[in-house]
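*Asks:* Chain by chain, the residues:
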Amino acid sequence: MRPTFSIIFFTVISGAGYGLWMLVGLAFALAWPGCLLDAEIGPVDAQSSVCGMPSTLAVAWAAGFLLVSAGLLSSLAHLGQPQRAWRALSQWRSSWLSREGVAALLAYVPATGLFLIWLGQQSPGHLVPALLLENETLVRVTGALLAAASIVTVFCTANIYACLKPIRAWNNRLVVPAYLAFAALSGMLLLWALATLPSRDLVPAAQETVWSVLLPSAVIVLAVISAAIKLTYWKQIDQPSGLRTAHVIGLDGLGNVRSFEQPHTQENYLTHEMGFRIARKHSRKLRLICLLAGFATPAILALLALLVPGPGGVAAWIGLLAGMFGIFLERWLFFAEARHAVMLYYGAHGD
Amino acid sequence: MTSLPAAATRKLGLVIDLDTCVGCHACAVACKEWNDGGSFGPLPDKDTHGPEPEGVWFNRVHSYEATGMGSGEWGMATAKSEAKSSCTSPIPDSQFLIPGTIHFPRSCLHCETPACVTVCPTGASYKRAEDGIVLVDEDKCIGCQLCAWACPYGAREFSAQRGVMQKCTLCVDRIYNETLDEADRQPACVLACPTRARHFGDLGDAQSDVSKLVAERGGYALMPEFGYQPVNRYLPPRPRRDASRANSHPQPAAEAIDTTQMSPLLRWVDRVLSR
Ligand code: SF4
Ligand code: SF4
Chain S
174 MRPTFSIIFF TVISGAGYGL WMLVGLAFAL AWPGCLLDAE IGPVDAQSSV CGMPSTLAVA
234 WAAGFLLVSA GLLSSLAHLG QPQRAWRALS QWRSSWLSRE GVAALLAYVP ATGLFLIWLG
294 QQSPGHLVPA LLLENETLVR VTGALLAAAS IVTVFCTANI YACLKPIRAW NNRLVVPAYL
354 AFAALSGMLL LWALATLPSR DLVPAAQETV WSVLLPSAVI VLAVISAAIK LTYWKQIDQP
414 SGLRTAHVIG LDGLGNVRSF EQPHTQENYL THEMGFRIAR KHSRKLRLIC LLAGFATPAI
474 LALLALLVPG PGGVAAWIGL LAGMFGIFLE RWLFFAEARH AVMLYYGAHG D
Chain Z
4 MTSLPAAATR KLGLVIDLDT CVGCHACAVA CKEWNDGGSF GPLPDKDTHG PEPEGVWFNR
64 VHSYEATGMG SGEWGMATAK SEAKSSCTSP IPDSQFLIPG TIHFPRSCLH CETPACVTVC
124 PTGASYKRAE DGIVLVDEDK CIGCQLCAWA CPYGAREFSA QRGVMQKCTL CVDRIYNETL
184 DEADRQPACV LACPTRARHF GDLGDAQSDV SKLVAERGGY ALMPEFGYQP VNRYLPPRPR
244 RDASRANSHP QPAAEAIDTT QMSPLLRWVD RVLSR
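Sequence order for the protein chains is S and Z.
Take 174 as the starting number for the first sequence in my numbering and just add one per residue.
Take 4 as the starting number for the second sequence in my numbering and just add one per residue.
Bound conformation, chain Z alone:
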């Protein structure tokens, strides 16, 4: 049924920290590995070892350089939020330090009111009432690809090999999987991240760890102007510590040594080394 369920109280989703993500693609690889063998797999590739490999990944990591500030090194920049109210920046108008590079993992945001679900003619795309996860039933999908057009976040990829649409399942076959250790009942990407930049939890519960993290760090939703109400949140890069110094790269001051206080041997060493 591609009509949306009445608002779910549980909103399972991811919180991704752009401050700590180092762009290593471990999440993307772990995702591909799990889901290739998971209940929504396989994720076959074409031309795997040839010059033009291509296939479905549920998670893609982009790397960007903020060029507005110049060389792309760590430095000082003035953030100006866009005047458009619907597109306000999570970073307020202020002088602060921004990193020159941003690594940006992109996957399904499990939106609350996603058009990818409502445009689906077959009922293959659906949003679960119990936890808000957006899934594709691959036995119903006719591969019309309309849902991929409807997603502004590029979260759906069509499998030419299988003739159906595929997308992030939030590892629904892990998170409820009682054959796994409790600690492993997390999406594969979250477990794989070496910098703990990915967090999983219930964003519908204001008391959950992820909700607290979002509140504390000013987590934001992507492109709210489309009205899809993404559940996933991104945490903006933190302002760098000590804004005034990082930019000027001050040289350490030469230490003054009082040679008169030293033993004759050390005085001799100092003289030799100072030549």
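The following block holds chain S by itself, in its conformation from the complex:
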């Protein structure tokens, strides 16, 4: 399948954005509002039981917003009639693409909620009624909804591909776990990098220690899980399917069938879109680069950051760059290595 830039950019960038939002949402749902990490942060004002939002989370929210929005916009670039994109929200009963669109828009609702909470805290008592800000349950539920919507959106994205039976490499049980794992990994790499930025605030030393241990450890775990999924996936798609041209025309009995005349002398939409071949020649090397850059480098850097505290910031940012490069390459291979059954009509072999 042709690796179209707008789709690769969309899935990687919005995946990272949703991964980040998932983590931000989880932080809101589990830890932050009740000041569980550190009671010293204290309530935002005397009457409130809710803590001030750590600036790392605010920055992460904003980064997630940018990535998710940029990804969604780039996905429109792939459409033949982008001005009608709103119609894609209508068929959620049957279509994963439609479900993805609905989930993506719904995710903006709790995301906006968190933004309002942050905004309200900037000038207590003015923009957002204190009643809402003080309601710890409300804050936690908003966070949980953001995390859930982010996971659901990535789940839908992955299923767009996983449900396509004619493309064997996509119609695979590991596609959905892989998309979720890569989203979580890229989100975690982003959060780790953002957490090393000088923060103006509210995050006292005690909490910084927690972050600086928690984040690299999570990076290591996610990198290992992602690499394991991808290695297993590659092993599975390398199994020959045994499908042949004789089979797709329904005459298996003919044995070997060779296409001696194509229906058209020049390329057509199908051969252009589904007859992409370049990657397979270099797939071994590209896979190795993907493993080294995408998973090994961030994991090793995270390990270093745990063992040698100090230049954690540099490690985190290099880890982020390497990781994103690896995930881009992974997504490129995901398209380029996948073969569509229709190419057998054109005499392709052995998909």
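These aren't lab readings, by the way, just hints derived from the structure by calculation.
Glycine residues also receive a C-beta, built at the ideal position from the N, C-alpha and C atoms.
There may be inaccurate statements among the hints.
Unchecked claim - Restricting the straight-line Cα-Cα distance to at most 30 Å, the calculated cross-link-like pairs of lysine-lysine (DSBU-like) are: (1) Z:35 - S:338; (2) S:454 - S:408; (3) Z:143 - Z:215; (4) S:338 - Z:143.
As the list claims (entries may be wrong) - Simulated coverage check for chain Z against chain S, where a stretch passes if three residues somewhere in it have a Cβ under 8 Å from a Cβ of chain S: (5) 37–44; (6) 177–191; (7) 202–215; (8) 263–275.
Mind docking chain Z with the ligands on chain S? Use the hints.
*Replies:* Coordinates of chain Z with the ligands only, in the frame set by chain S:
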């Protein structure tokens, strides 16, 4: 609505005879011509007279050579059906003659449970409840091309010029068209075929001509393992007559002439010609 309708009783579709198709592309050309001006057109091409012409056709004709048997000439081959039960060959295990070349027209099979319809996010792709024809509403299509990915048969082509997906309509604007003669209310490809290799009818009706033809000739569906349940059927090439002789190419035996029975003139002619 891209959810599929409850099973249609009428299943309009095509039956294509691979025995008689000669690969002349008349169906493909007639299709392009009708649909370029029909209600689902136009079908614009880019670079029409340049070196890289490209555009949408609803029908594409492939030509294959069966190489398993050697030179690709008419000859004898042993058909072995694949062991996989879901992919069984329509041709049974037997010694029979197969043609060296197969011409294979490929177009939408108007599947009963096609994923091209269910993956569509906009409702542009739909299957008609009344006759099972699968269509694209070009006013709703956003050109996401997911449906083309979902079709294993390559029946959908995206028009870069128009920004929407296009596909075979089974000439829905001909078959119900009361301004046409009754005899012309057939898909353009069917009417154009010089060898009558294409047949149109209701495959949901066991008594229809096309259903009888399928039953008689062992018509089969393409790649049933995907579960799309194509409506169109293909008729396999017939075993060639007299399998034992076609392969050996026997020379005609020299005729024996009894010259003693002939007139002197003819005997002289025979002598001269036999030199
Ligand atoms: S042949 Fe392809 S386009 Fe036609 S109905 Fe079946 S899946 Fe859809
Ligand atoms: S290209 Fe058009 S018809 Fe096909 S799935 Fe997308 S919106 Fe539906």
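*Asks:* State the violated hints by number, sorted upward, taking the hints as numbered earlier in the document.
*Replies:* Numbers 3, 5, 6, 7 and 8, in rising order.
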